[in-house]
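Novice: Residue strings, one per chain:
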Amino acid sequence: MLEELPSGFPLLSVILFLPLLGAVALWPQRDADLMKQSALGVAGLELALSAILLYRFIPESAAMQFSERLNWIPALGISYHLAVDGISVLFVPLSAFITVLVLLYSWDAVRDNIKPYLMSLLALETTIMGIFVSIDLILFFVFWELMLVPSYFLIKLWGVGESREDAALKYVLYTLLGSVFMLVGFALLSLNYHHVRDAYSFDFLELLTVPVPVGDQLIIFWLIFMGLAFKAPMFPFHSWLPDALVQGPIGMSVVLAGIKLGTYGFLRFSFPLLPEASTNATVVMLVMGLALAAIVWGAIVAIIQSDFRRLLVFSSISHLGFVVLGLFSLNFQGVQGGLLQMINLGFTTAGLFFFAGFLYDRLGHTQVERCGGLASKMPWLATVLLIIGMASIGLPGTNGFIGEFLVLLGAFQAHWVYGVIAVSGVIFAAAYFLWYYERAIFGPLGAMVPRVLPDLTPRESGIAVALCVMIFWIGLYPSPFLRTMNGSVQEVVDRLSRGSVANHGQARLARSVPPGPAEKDD
Amino acid sequence: MTFQLPLSGSDLLLLAPEIFLTIWLCVVLAVDVTCRHMDHARLAYLSVGGVVATLLLLIGFEYAGVRGALLHDTFVLDGVAIFFKIFIVVATALVLLSSVDYVRSFRLFRGEYYVLIMMSALGMMFMASAQDLLSVFVTLEFSTFGFYVLVAYLRDDQKSGEAGLKFFILGVFAAGLLAYGISLVYGETGTLVFSEMTSMPGSYGLAIGFIMIVAALGFKIGVVPFHSWIPDTYQGAPTPVTAFLSIAPKGAAMAILIRMFYVALATFRPVWVLLFVAIAIVSMTYGNIVAIAQKNIKRLLAYSGIAQIGNVMIGLAAGTKRGSDAILFYLLTYLFANLGAFAVVIGVGNRIKSDEIEDYNGLNRRSPFLAAAMLLFLLSLAGVPPLAGFIGKLYIFVAAIEQELYLLLIVGLVNIVISMYYYLVVVKKMYINEPADPTPLSVSAPLQTAIFVGIAGTLLLGLYPAPFIDWAVAATLMFSNVAVPVAPGG
Chain A
1 MLEELPSGFP LLSVILFLPL LGAVALWPQR DADLMKQSAL GVAGLELALS AILLYRFIPE
61 SAAMQFSERL NWIPALGISY HLAVDGISVL FVPLSAFITV LVLLYSWDAV RDNIKPYLMS
121 LLALETTIMG IFVSIDLILF FVFWELMLVP SYFLIKLWGV GESREDAALK YVLYTLLGSV
181 FMLVGFALLS LNYHHVRDAY SFDFLELLTV PVPVGDQLII FWLIFMGLAF KAPMFPFHSW
241 LPDALVQGPI GMSVVLAGIK LGTYGFLRFS FPLLPEASTN ATVVMLVMGL ALAAIVWGAI
301 VAIIQSDFRR LLVFSSISHL GFVVLGLFSL NFQGVQGGLL QMINLGFTTA GLFFFAGFLY
361 DRLGHTQVER CGGLASKMPW LATVLLIIGM ASIGLPGTNG FIGEFLVLLG AFQAHWVYGV
421 IAVSGVIFAA AYFLWYYERA IFGPLGAMVP RVLPDLTPRE SGIAVALCVM IFWIGLYPSP
481 FLRTMNGSVQ EVVDRLSRGS VANHGQARLA RSVPPGPAEK DD
Chain B
1001 MTFQLPLSGS DLLLLAPEIF LTIWLCVVLA VDVTCRHMDH ARLAYLSVGG VVATLLLLIG
1061 FEYAGVRGAL LHDTFVLDGV AIFFKIFIVV ATALVLLSSV DYVRSFRLFR GEYYVLIMMS
1121 ALGMMFMASA QDLLSVFVTL EFSTFGFYVL VAYLRDDQKS GEAGLKFFIL GVFAAGLLAY
1181 GISLVYGETG TLVFSEMTSM PGSYGLAIGF IMIVAALGFK IGVVPFHSWI PDTYQGAPTP
1241 VTAFLSIAPK GAAMAILIRM FYVALATFRP VWVLLFVAIA IVSMTYGNIV AIAQKNIKRL
1301 LAYSGIAQIG NVMIGLAAGT KRGSDAILFY LLTYLFANLG AFAVVIGVGN RIKSDEIEDY
1361 NGLNRRSPFL AAAMLLFLLS LAGVPPLAGF IGKLYIFVAA IEQELYLLLI VGLVNIVISM
1421 YYYLVVVKKM YINEPADPTP LSVSAPLQTA IFVGIAGTLL LGLYPAPFID WAVAATLMFS
1481 NVAVPVAPGG
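Residue numbers (this note's numbering), protein chains in the order written: chain A, 1 to 522; chain B, 1001 to 1490.
Same shape as in the complex, but just chain A:
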């Protein structure tokens, strides 16, 4: 069983509920400026608290830290159990960071109904934090589902597209469809626990102590997979994504594209709880196939998009393929790279969506053919966009390089074919971004571009600088981030390799793990 370090001060609970309390505190306020300031204040405090969390977190450790536990529904073994480990701890400051940026972005960009907007955004932050800090499966599921409520309203009420209502409904129903299957998977895990221990439990740490029969593992794996794949969304479960991200408000697109909830679920629950199923040859091949299809197909579709936001949607599907590819390489570098890449996308993909928002605010559209030569009008915007774009392609020196490099390393170790196909995705990525950049930003000034185009405002520059700092920090000095996650990644990989050994004929996967147990001999 994993070591668990209880926390004297309920830091995670504070982090979890602070945004919600902030949202409630906005209710009686009337002055719009004061509302924005207090929302930003709450989000800033949240970021500070999560920075403290990260600072106090013990790196290179697999332990569950800052743990808090209260009984919720004892009859079913459901508890209010919070903790973070190396897998989840980075997502807490990331989510807080993105929320602060979204609030900054929305300062002038959102004018109608500002109060409910800010309240929804803060409520959304609580649910996202809940997803990352819950280690009780049902508690996790509660936040997972609850997230749909503010998201639904955000897309529906502040969306920019014509068909935002359908987009919101589609998002909710698709995700719900997936997550009901996931709930069955969780319940089956608990039922298995019941068979062994004669009591129910949905506690992740408790469930880890009871092995699941291999046949059941496969069923549970696919059930949970449905929930995660719809949420992530993985190819071919992504059809809600273009609608939600293009029709919804920029703030929502940033959150949905920047915070990778679905792939986090694989690393959090599927891998440790279902190691045999996760290393099963057929499963790995199928999931890797989907990941590669997403990488290549997403990138190719992105090339032909004429709208910057749609381009970003497909590029984010392609990037998510990289994350999945890394995770299902099932070796240390791959998992590490996948996890780091999830964090990276919170800066790069989310950053690009911010820039789509900046362009939309200035031009009223994000169509490529109605742009051209924007660099001459807005040199500062063009420069930062290039930096973030390069990071998203994976240029050395940026965070994307570290992530993609580790992922590719892992993929090549798993099988060279995976690596070769994935590399082609990197080339396509360069193609779609650079081609877009050339047409929209460089070249002669487009005929339909307005005469007066202000460059980035100080507030927007703040967002841009914050993103660039993170991009270069991870790109040039990634070891603090890697050290934070290493302990838990190693733990997961160890569990996977034990699962792999249990699956006969799968020793190839175990070999790539440095301290892994003996190769197949029984």
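The set of hints was computed from the structure by calculation and includes no laboratory data. Backbone N, C-alpha and C fix where the C-beta goes; we use that ideal spot for every residue, glycine too. Worth double-checking, as some hints may not be accurate.
As the list claims (entries may be wrong) - Keeping only pairs whose Cα atoms sit at most 25 Å apart, straight-line, the calculated SDA-like set for lysine to any residue is:
(1) K115(A) - I1432(B)
(2) K1428(B) - N113(A)
(3) K1295(B) - L169(A)
(4) K170(A) - K1353(B)
(5) K170(A) - L223(A)
(6) K1429(B) - P116(A)
(7) K1295(B) - Q1158(B)
(8) K1353(B) - Y1148(B)
(9) K170(A) - I1292(B)
(10) K1429(B) - E162(A)
(11) K115(A) - E162(A)
(12) K115(A) - I1455(B)
(13) K115(A) - G1362(B)
(14) K1353(B) - T1449(B)
(15) K170(A) - L1413(B)
(16) K115(A) - M35(A)
(17) K1166(B) - F1137(B)
(18) K170(A) - T1449(B)
(19) K115(A) - L45(A)
What the hints assert, rightly or not - Distance ranges between label pairs, derived from CB positions:
(20) A25(A) - Y1421(B): 30 to 36 Å
(21) D198(A) - I1211(B): 35 to 41 Å
(22) K1353(B) - A447(A): 53 to 59 Å
(23) A1456(B) - T282(A): 46 to 52 Å
Using the hints, position chain B against chain A.
Specialist: Chain B in isolation, oriented as in the chain A frame:
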């Protein structure tokens, strides 16, 4: 065989809640007749007071652990009986509270309305204690008589008359089925008491008899295929009566169903489990799919109710102790969410005189309170965590998974997604669409109380369900060795 009905003073104690309520409704009737000029709202509060006193008495019984049986086991007071009595009494109090404004629109016969509601409640309280088929018949008819009048209470409204007639004809038909079924069962077994039937051999007569009884009870709870009266009756009846009809009789009839199947028919469990699997699947799917097309909020809630009762049937399909716990808890969550939703419908209906979903456009602008309450209740009905409905669904699905009823489970889960769709359509109308008439809507104090109780119940059962689950588990303790769950992997 001669019937002797010995009753001692201590036996009467077991009947105390019913006796108290009987006296109280006579008092209300007397006050209504003697004080002709009294404001009818006071009469309502008088009735609510009596019902709340009954509730306190029942809670006292539960705490003191009063248990027993009367009249040759035809009337029992056990955990299940007390649970359902509390359930019915809470529903009655909430319905009375939300009726206060609505009753103003009646031209004649205001006082009788409260008496009739309490009389039906009394009948259902007896139903919760019915332990043999004869008392099932008598109590069921007793409770339904009040409803026959109540459904047709809007004398000037044709729809109400139509609803009353439909309800009456089908109700009497169901009563006939019930009586015939009982006679067949009696003919086969020679007894009417559930606990004496446990070891009887199976036969066609018995099967037909019980199927008829199930049909009659299915009529009460409104599962497919015995649901045809529900939409029209719900739409035509006065809204508070619809609210009452949508919850209390379901609880009372479920008490009888659980007792009948878990005690009398425990030996035939493998057979009736299949019956309920089929009923659950058909009810959930039919209710949810037809609900999508509804334009009237009362009809929408009627069909959603058919689907919800299909969810409850999952508990019977599991046929285990946990299944019965889950049914009790699920009904509790449904009580608050459903009555709350109806209270909002009453609140809106009182002001705009319409139950069309179109007229809910922009409700958020007109009354943020009503819109927010409705949002909460609909989300709970849809099973969004952490509201009550989620815990109820989770619990009932765990009961199904334990029995490895995967088909049922998948149908149930897909239905959650379908139901989310039509609940969200209402949410969209309330929050997104512009109101045709933006005048604010006010909500009266008693109705507000009812809605607040609904909100409190929905949140409490979701956030802190442990004591209520413990209560449901304790109430059904007597079933622990009746239906044994299958062995692991078996």
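Novice: Next, verify each hint and record whether it holds.
Specialist: Now for the hints, and whether the structure bears them out:
Of the supplied pair hints, the one linking K115(A) and I1432(B) holds, its CA atoms being roughly 15 Å apart against a limit of 25 Å. This hinted pair checks out: K1428(B) and N113(A) have alpha carbons roughly 16 Å apart, not beyond 25 Å. For the hint linking K1295(B) to L169(A), the alpha-carbon distance of about 19 Å falls within 25 Å, and the restraint holds. For the proposed pair K170(A) and K1353(B), the alpha carbon gap of about 33 Å is over 25 Å, so the pair is violated.
For the hint linking K170(A) to L223(A), the alpha-carbon distance of about 20 Å falls within 25 Å, and the restraint holds. Taken as a hint, the K1429(B) and P116(A) pair is honoured in the structure, with Cα atoms around 17 Å apart against an allowance of 25 Å. Distance hint between K1295(B) and Q1158(B) is fulfilled; the C-alpha atoms sit about 19 Å from each other, no more than 25 Å. As the CA atoms of K1353(B) and Y1148(B) are separated by approximately 23 Å, the hinted pair is consistent with the 25 Å bound.
About 16 Å separates the Cα atoms of K170(A) and I1292(B), which keeps this hinted pair within 25 Å; it holds. For the proposed pair K1429(B) and E162(A), the alpha carbon gap of about 17 Å is at most 25 Å, so the pair holds. With a C-alpha separation of about 23 Å, the suggested pairing of K115(A) with E162(A) holds against the 25 Å cut-off. The suggested pairing of K115(A) with I1455(B) holds, with an alpha-carbon distance near 23 Å, which does not exceed 25 Å.
Taking the CA atoms of K115(A) and G1362(B), the gap is about 17 Å. The hint holds against a cut of 25 Å. With a C-alpha separation of about 21 Å, the suggested pair K1353(B) and T1449(B) falls inside the 25 Å cut-off, and the hint holds. A distance of roughly 17 Å separates the Cα atoms of K170(A) and L1413(B); the hinted pair therefore holds under the 25 Å criterion. About 7 Å separates the Cα atoms of K115(A) and M35(A), which keeps this hinted pair within 25 Å; it holds.
About 20 Å separates the Cα atoms of K1166(B) and F1137(B), which keeps this hinted pair within 25 Å; it holds. Using a Cα cut-off of 25 Å, the hinted pair K170(A) and T1449(B) is violated, with the two alpha carbons roughly 36 Å apart. Of the supplied pair hints, the one linking K115(A) and L45(A) holds, its CA atoms being roughly 19 Å apart against a limit of 25 Å. The given range of 30 to 36 Å is respected by A25(A) and Y1421(B), whose C-beta atoms sit roughly 33 Å from each other.
Checked against the given bound of 35 to 41 Å, the beta carbons of D198(A) and I1211(B), roughly 37 Å apart, stay inside it. The hinted window of 53 to 59 Å between K1353(B) and A447(A) holds, with their beta carbons roughly 58 Å apart. For the pair A1456(B) and T282(A), the beta carbons lie near 50 Å from each other, so the given range of 46 to 52 Å is met.
Violated hints, in rising order: 4 and 18; the structure is consistent with all others.
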